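Taken in sequence, the protein lines are chains S and G. Residue numbers for the first sequence follow my numbering, beginning at 3 and rising by one. Residue numbers for the second sequence follow my numbering, beginning at 10 and rising by one.
There could be a bad hint or two in this list.
Label pairs and their in silico Cβ distance ranges [to be verified]: (1) G:LEU291 x S:LEU100: 24 to 30 Å; (2) S:GLY60 x G:GLU292: 54 to 60 Å; (3) S:GLY54 x G:ASP197: 45 to 51 Å; (4) S:PRO99 x G:SER293: 31 to 37 Å; (5) G:THR124 x S:GLU50: 36 to 42 Å; (6) S:ARG112 x G:GLU151: 35 to 41 Å; (7) G:THR124 x S:LEU100: 23 to 29 Å; (8) G:ALA195 x S:LEU100: 26 to 32 Å; (9) G:MET212 x S:ALA216: 48 to 54 Å.
Counterexamples of contact, computed for chain S against chain G with all Cβ distances above 12 Å [claimed, not checked]: (10) GLY60; (11) LEU74; (12) LEU78; (13) LEU79; (14) PRO81; (15) GLY92; (16) ALA136; (17) ARG139; (18) THR145; (19) TRP168; (20) ASP175; (21) GLU196; (22) PRO204; (23) PRO218; (24) ALA231; (25) LEU240.
Just so you know, these hints were derived from the structure itself, not from any lab. Treat the numbers as computed from the prediction; the structure is a model and nothing was measured. Cβ coordinates follow ideal geometry from the N, Cα and C atoms, glycine included.
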Amino acid sequence: MSFKTPVGAFEALAPVTLNISQGRFVSLIGPSGCGKSTIFNIVAGLLEPSSGRVLIDGADATGTIGRVGYMLQKDLLLPWRTVLDNVILGMEIQGVPLRDARARALPLLRRYGLAGFEYLYPSALSGGMRQRAALLRTLLFDTDVILLDEPFGALDAQTKLQMQEWLLQLWSDFGKTVVFVTHDIEEAIYLSDEVHVMATRPGRIVESIPVAIARPRARSATLTPGFIAIKERCLALLTLAHHASLEAAA
Amino acid sequence: MTVQETPHVAGVGSGRETARSQSAQWPRPAKTVRRLPVQKDWPLWAIVAVQIGILVAIIGLWQLGADDGWIDGFFWSKPSAIFATLITFFTEGDAFTDISFTFRSTIIGFVIGTTAGSMLGLSFWWSRNYAAIAQPYVICFESLPKLALAPLVILVFGLGLASKVAIATALTVIVSTLTTYAGVKAVDPDQEKLFYSLGASRMQVFRKLVVPFCLPWTISVLRVNIGLALTGAVVGEFIASQHGLGRQILYAGQTYDIALVWVAVLVLSTLAIVMYVTVSWLESVLRKGVKQ
Chain S
3 MSFKTPVGAF
13 EALAPVTLNI
23 SQGRFVSLIG
33 PSGCGKSTIF
43 NIVAGLLEPS
53 SGRVLIDGAD
63 ATGTIGRVGY
73 MLQKDLLLPW
83 RTVLDNVILG
93 MEIQGVPLRD
103 ARARALPLLR
113 RYGLAGFEYL
123 YPSALSGGMR
133 QRAALLRTLL
143 FDTDVILLDE
153 PFGALDAQTK
163 LQMQEWLLQL
173 WSDFGKTVVF
183 VTHDIEEAIY
193 LSDEVHVMAT
203 RPGRIVESIP
213 VAIARPRARS
223 ATLTPGFIAI
233 KERCLALLTL
243 AHHASLEAAA
Chain G
10 MTVQETPHVA
20 GVGSGRETAR
30 SQSAQWPRPA
40 KTVRRLPVQK
50 DWPLWAIVAV
60 QIGILVAIIG
70 LWQLGADDGW
80 IDGFFWSKPS
90 AIFATLITFF
100 TEGDAFTDIS
110 FTFRSTIIGF
120 VIGTTAGSML
130 GLSFWWSRNY
140 AAIAQPYVIC
150 FESLPKLALA
160 PLVILVFGLG
170 LASKVAIATA
180 LTVIVSTLTT
190 YAGVKAVDPD
200 QEKLFYSLGA
210 SRMQVFRKLV
220 VPFCLPWTIS
230 VLRVNIGLAL
240 TGAVVGEFIA
250 SQHGLGRQIL
260 YAGQTYDIAL
270 VWVAVLVLST
280 LAIVMYVTVS
290 WLESVLRKGV
300 KQ
């Protein structure tokens with residue numbers, strides 16, 4: 003998959019080219035306002051780029067919706083639907099008969115940590131459980147590419163670690179191409195094959211850092227020199243970007 | 010904490026020390042010590058007993074005053090006469106025709122007004138331009154004293170049920186429209202974004218997101234609307250009608266039959282309470298249905 007994204011009317015994004023090969027896990031990190039969400043909205047077809055194209059498997063997907071799974075920061079579960087009926091929303095919209103959709107979703111809910119919650123309403127779920135449901139909804143909307151916009155941003159540190167393991171499990175089971183946005187550098191490195199560091203004014207990618215740590219990764223991988231070196235590089239880039247934006251403001 | 014050190018310390022940078030020394034110059038005001046106010050709840054029977062007591066006292070004083078002459082029985086009537094009239098009202102008059110007439114026009118107006126209003130409010134979701142164009146008309150109709158148009162409505166719709174229904178509808182429709190539209194405006198744009206990212210059509214977003222989301226808003230006006238519909242129906246009967254509790258009140262007033270006025274008002278209040286309780290129950294059932 004590749005896309006070339008570009009220049010908004012007030013230059014939200016400088017021309018950006020990002021190539022992501024199939025089945026990879028890629029993260030975008032950067033300060034607020036660097037255009038991460040803009041890129042996602044363009045890829046999901048919710049925003050028409052002023053120039054540039056989105057190519058998925060070589061086909062032009064600019065401005066078309068329903069081509070990629072998109073999970074926004076909020077879980078956005080519908081409070082009047084049970085967890086089961088929430089996760090089948092994508093299939094339902096695509097016209098899959100309700101019974102078939104439920105039959106496909108049930109085993110997945112049970113296998114991926116929502117057993118016993120299938121027929122509850124979202125209000126009865128904890129933050130982590132709601133995020134799981136939202137992510138399963140994205141996965142069940144069977145697309146090759148999924149975009150995750152800070153899915154664990156609102157969770158407490160411990161739940162976040164659990165959810166990271168859970169996400170890696172899902173990723174290796176489903177073989178999707180994942181684009182992940184986060185503010186958490188360690189999270190980005192731990193999960194990804196490649197980390198793209200972005201800067202603001204205008205939004206652009208300043209460096210793409212491959213993460214050559216063998217999978218499956220143990221949590222202790224975060225303490226290895228290789229990991230720390232990448233983390234330091236990311237921090238340096240982000241601090242640099244921060245200073246640059248301060249100077250630009252002054 | 011002494012004042013003397015202040016000149017030396019000032020300027021060296023310990024602003025805090027300076028502030029503290031200065032505060033020593035002003036004496037602390039004496040504080041009033043209070044206890045947290047605590048209210049004691051009476052048991053339910055005591056509350057009910059007092060409520061009944063008040064009612065009995067009012068009726069008793071009224072009766073006593075009218076008998077003794079310090080309340081003018083001609084203008085205010087008295088409880089015993091009202092009770093007697095109540096019996097005659099139900100045994101001899103066409104009480105049930107009147108009650109059913111008022112009841113029917115209220116319910117029909119309520120249903121039409123609430124349904125049409127909700128649909129109108131929901132329709133604004135479809136086009137921002139259409140909503141913007143309709144906005145001033147909706148506001149005009151809201152601020153218009155609809156009851157002032159009642160004589161016109163009677164002329165157009167005639168003396169029968171239709172004119173009462175029309176007034177009740179006019180009063181309720183706008184409340185439902187505005188409330189449902191408030192619901193439409195409160196739909197989370199991110200939620201819409203999610204639906205579109207899943208490739209939804211506008212109709213799908215409307216049916217699966219907007220309508221269920223706005224349902225609690227629509228439901229929340231039911232109780233207000235039942236009261237408004239009753240007001241509309243009764244005012245319609247005041248202006249011109251052959252049946253109804255409103256007509257009964259007007260007729261009794263014009264013939265100085267004050268006891269009958271009270272009876273009709275009493276029956277009307279009972280009808281209002283019954284409808285209000287029913288709608289409240291309906292509301293709680295619906296709320297459970299939509300899980301919010």
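Against the structure, the hints:
1. G:LEU291 x S:LEU100: 24 to 30 Å: Cβ of G:LEU291 to Cβ of S:LEU100: about 28 Å, so the range 24 to 30 Å holds.
2. S:GLY60 x G:GLU292: 54 to 60 Å: For S:GLY60 and G:GLU292 the Cβ distance comes to about 56 Å; the hint holds.
3. S:GLY54 x G:ASP197: 45 to 51 Å: violated (29 Å)
4. S:PRO99 x G:SER293: 31 to 37 Å: Distance hint for S:PRO99, G:SER293 holds at roughly 34 Å.
5. G:THR124 x S:GLU50: 36 to 42 Å: holds (38 Å)
6. S:ARG112 x G:GLU151: 35 to 41 Å: violated (52 Å)
7. G:THR124 x S:LEU100: 23 to 29 Å: holds (28 Å)
8. G:ALA195 x S:LEU100: 26 to 32 Å: holds (28 Å)
9. G:MET212 x S:ALA216: 48 to 54 Å: Since the Cβ atoms of G:MET212 and S:ALA216 sit about 49 Å apart, the hinted range of 48 to 54 Å holds.
10. GLY60: holds (20 Å)
11. LEU74: Non-interface label fails for S:LEU74: nearest chain G Cβ at 5 Å, not farther than 12 Å.
12. LEU78: violated (5 Å)
13. LEU79: Answer for S:LEU79: violated, closest chain G Cβ roughly 10 Å.
14. PRO81: Incorrect as stated: the minimum Cβ-Cβ distance to chain G is 6 Å, not above 12 Å.
15. GLY92: Answer for S:GLY92: violated, closest chain G Cβ roughly 4 Å.
16. ALA136: S:ALA136 not clear of chain G: closest Cβ-Cβ about 9 Å, inside 12 Å.
17. ARG139: Answer for S:ARG139: violated, closest chain G Cβ roughly 9 Å.
18. THR145: violated (9 Å)
19. TRP168: holds (21 Å)
20. ASP175: holds (21 Å)
21. GLU196: Holds, since 24 Å exceeds 12 Å.
22. PRO204: Nearest chain G Cβ is 23 Å from S:PRO204, so the label holds.
23. PRO218: holds (30 Å)
24. ALA231: holds (36 Å)
25. LEU240: holds (26 Å)
Taken one by one, the earlier hints fail for this structure at numbers 3, 6, 11, 12, 13, 14, 15, 16, 17, 18, listed in ascending order.
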